[in-house]
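Protein sequence lines, in the order shown, are assigned to chains A and B.
557 is the number of the first residue of the first sequence in the working numbering; add one for each residue after it.
557 is the number of the first residue of the second sequence in the working numbering; add one for each residue after it.
You may find that some hints are simply not true.
The list cannot tell twin chains apart, which means a pair is met if one copy fits it or any two copies do.
[As the list claims (entries may be wrong)] Cross-link-like lysine to any residue pairs, in silico, SDA-like; alpha carbons within 20 Å at most:
#, residue 1, residue 2
1, Lys787, Arg852
2, Lys1081, Asp698
3, Lys1075, Asp872
4, Lys1083, Ile1047
5, Lys1081, Leu1053
6, Lys1034, Pro613
7, Lys1051, Pro1036
8, Lys1034, Ala867
9, Lys815, His1079
10, Lys655, Asp1160
Calculated from the structure, these hints are not laboratory results.
There are 2 protein chains.
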Amino acid sequence: MAVQIASRVPALKNVATRLRIDSVRSTSEAGSGHPSTCCSAAEIVAALFFSEMRYDPRDPHNPDNDRFVLSKGHAAPILYAAWAEAGILSRDELLNLRKIDSDLEGHPTPRLPWVDVATGSLGQGLSAGIGIALNARRIGSDYRTYVLLGDGETAEGSVWEAAHVGAHMGLDNLCAITDVNALGQAGPTQWEHDMEAYAVKWRAFGWHVSVVDGHDVPALLAALEDARRTKGRPTMILARTVKGKGISFIEGLNGWHGKPLRKGDELQRALAELERQFVPEEEPAPPPDAPRTARRASEHRAAAGTIDPPAYRVGDSVATREAYGEALAKLGLKDIRVVALDADVKNSTYSEKFEQRAPDRFYQAFIAEQAMLGAAMGLAARGAIPFPSTFAAFLTRAYDFIRMAAISNLNVKMAGSHAGVSIGEDGPSQMALEDLAMMRAQPNITVLYPCDGVSTERLVAQMAAHHGPMYMRTSRPKTPVLYGPDERFDIGGLKVLRESADDAATVVGAGVTVFEALKAYEHLKAKGTAIRVIDLYSIQPIDAASLVRCARETGGRVITVEDHYAAGGIGDAVAAALAPAGFTVARLAVREIPRSGKPEELLDRYGISARHIVSAVERGA
Amino acid sequence: MAVQIASRVPALKNVATRLRIDSVRSTSEAGSGHPSTCCSAAEIVAALFFSEMRYDPRDPHNPDNDRFVLSKGHAAPILYAAWAEAGILSRDELLNLRKIDSDLEGHPTPRLPWVDVATGSLGQGLSAGIGIALNARRIGSDYRTYVLLGDGETAEGSVWEAAHVGAHMGLDNLCAITDVNALGQAGPTQWEHDMEAYAVKWRAFGWHVSVVDGHDVPALLAALEDARRTKGRPTMILARTVKGKGISFIEGLNGWHGKPLRKGDELQRALAELERQFVPEEEPAPPPDAPRTARRASEHRAAAGTIDPPAYRVGDSVATREAYGEALAKLGLKDIRVVALDADVKNSTYSEKFEQRAPDRFYQAFIAEQAMLGAAMGLAARGAIPFPSTFAAFLTRAYDFIRMAAISNLNVKMAGSHAGVSIGEDGPSQMALEDLAMMRAQPNITVLYPCDGVSTERLVAQMAAHHGPMYMRTSRPKTPVLYGPDERFDIGGLKVLRESADDAATVVGAGVTVFEALKAYEHLKAKGTAIRVIDLYSIQPIDAASLVRCARETGGRVITVEDHYAAGGIGDAVAAALAPAGFTVARLAVREIPRSGKPEELLDRYGISARHIVSAVERGA
């Protein structure tokens, strides 16, 4: 360690003490929160924010700022305290912690410009850090990414997905620190203070590992410097710490997780003890170093959404999953912010079409859906437009990440292929029948479900052109192209495919069931009954006005048909849209656990084929 | 290896060849499936089923049979082939693979009595194996549990959760085998044939590790014997194999994942090659050894559901999460099949009350929700009644496991605490606002949401008394006890709490919103308006008849109010129940990403407090 840095040590120790004081005060004021968790991390945060990291405190949006992810999100008060110390916030503001009118929430969220991804669901920060580190590569920046984990959260498998992916990608611009304070919420953590139990695992996963005393500032600074000099792989600094460090009557004690000190004597005793820990400073800590690169403009929105018209002709046959891959590849050539991630199924989701044309922006996460989603979150937070894809069924594996992406309102564009029973013989484990429910439940996730190649391609472009978390559901079977290449598809729209003044009912389909509805139309027409047929390609937001109009024009008889379970999908979406106008919906959906079989057999067996639509119309008409 | 076993080797080699032939034939006949994945595992499966494992092929329900979990579920054809070899199935039946009228599905499901848990979503089998191995401890059996993993799936974090938990629990009755064939679906697996890359990780996680040639029968038998003799920790046998082994023109080639051999020349060439691989047998393989223990009765249903009446009095104040823990503890004393699992939040979910009274049936999974759910699945498959609990928000982490538990129709009883914005200051990362949508989407999951201590206790008993996957949502805040100790709560019921002949509307609440509805009732009553108030404690199944009756009696005006996002929750459930009768629902729900604040502030800010109910009634009444 350079002399220049050694002389900062007393000042950094004092920073750590101030961080403890602020964390304790703000949580006592709030009456809830996790002061003991903050205290174990005080030297780590001091060393990172006031010696190691390079960033401009006045410029949170500088693309070259070093980044910090607080994976142990319940230590939020110390993050806020660090910002106060850096002059980003006033100290008074810290006392608004957890109040309804303050953005200093119980766990950090990107309402605050220095937060990239919301944390608080443990085990997610490292995956996000991978995405942030990948983004540095993408934009050619030498910013570094730091992730602070708790020890307890390393029981989460998602951490080991990230461990593998980070090492596989050789992310030497990523440095993680585990605050090994040996105490979880309900008792000792899995490996307590056995530092070797941690070290052997991280080494086995290919990381450079340092083990340090997490309250020893020079040791931390040396380990951070060592990480910076390590090439070809990420570093994990395992910091042995004491929970509640600095407050003798809670240090290392179980039962102090998530418990503020009581205002009054208890708080005053703690503060008095902490105040006594200040040391004389050789020199004050200097302000943080600026980013290594001069301020440059953030990437502006390029030509996203303006790809050439689809090459399909009406009547061609193409699976929407394949059209998805094609659209993504076209988009990738137009806009360098677009990146793709996949989980060993690129030849099924057709994200391989993107890889073929933009290999340096394609990231293989192997069979690790959480790491894939987490990396996409980090990439999105830093300006990329990531499209993570896998079988729609396996996005359920990452639902907690999706939930946190929604809380963060990140610009992540998810694609799930192989939706519904129409995949056929592979059976229920491979069929997504709850993905619409899962995605729709999040109020800010856009949910798209195109039925043909043209609408797929147009909607992929729309996904890139608009901000926010989005999901596209694609299908395995080939389907006929219905739309001409110039047809326009807006998010929140629908298409009326068949319409007459005499329609006996409105049938709302999406994806494969659009074609069942069209078959039913022909069948009923032959018998003299007209029906209205809707392609509901945008499920959330939904075109309520058009649905109400159609309901009104078809005697209030609306039938939905979906290759999805009955709860939470298209039927419920349409019902909620129609309810204010007083219309109800008859729902055709999959109502039991399905089995293997041929696609057409399964559509029929589970009640969503043309025959069932005809019956429903005839019952109601 | 004993001489007796050595002399079986040629016969076992021939078994492996027959398993290959059957896997190739059945997938070619089906026109889909994964023959190359079966071929790499043929010697492993032969050694397990025809030398190592002890089971009675005529008695799938024998509680002391050794158990096998095919975590790499896409190798289903070789599992079915093994059963045919054991005489459990006829060989002809194998040719019905993947047909709609056959239980030989694309991936194994418990429709087949030898399958404990459905597989096909990779990375789940080892957690299930942990549960099955724990069950052996619970019932005092010396049966052993074997899990066959693919190499690609070990990129899933869930595998490393299981690695940690299995070692932590010292499960020496568990033996896993990884079929390291080095090829995934879309290309090489993460560590290809670097056996040491696998070995170092499993050793680091505390497992006994053997590395063998997976096509060398004596080596496999020796490794299995070594595993059986290893005490205090589970074993991982890393078997180096060749994908497509035995068929020269697909061996080790990319592009043959999930691809059957074409009937005709291609198939015939493969079969001819395989036929040539038969060797002279010294002695035929004997039938499988019987279980070590004589057949005993399966556990019969004991006193589940008949616990003593709740001790709460009307007007007491208790959080439903605490009442859950109390009920579980009472149940645990009555019924030894009941077990509890938690993920480091036992002092928040109150599962610690169970631990205090039945510590040997409480399993700590640390912060590893997937391993917790997977272990619960395995326990349930073998006759236990597991109650895994964590914050409801963190059950999203295990949604893919929940999905597979539903496909398996397992008797898993999930409990999620800290539902909704009513948790307050911790903020959105800790608030479950999509759990009802997630659970309801699965058509066979029972969803319960009690509002007070008595209903919670009664419903926990009901959960144990009835078979199938179930979910109970509990709340953080204390709520008043509404019901007397003798009140009865049936799954699929509801309670009408306020009712008159003049009700202007029906207000349907559940959990914390029941009390908002009751406040609204008082407020409106003072202004001269009567409303009907319903406690919808059973959301799935739902008492549609009572809801329709109430709608009819209150002029068709129905308002739902829920501490959950708008899509997929109570509003949608009630709307679907009322739709056939032509009634619609006005939904009060959380419609944006919430933030930190006090519980009552948040209920009000997000539109689900008494004040909003009053407005909704007044708008509609």
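Q) Among all the numbered hints in the text so far, which are the ones the structure does not match? A) Checked against the structure, the hints that fail are numbers 1, 2, 4, 6 and 9, while the rest are satisfied.
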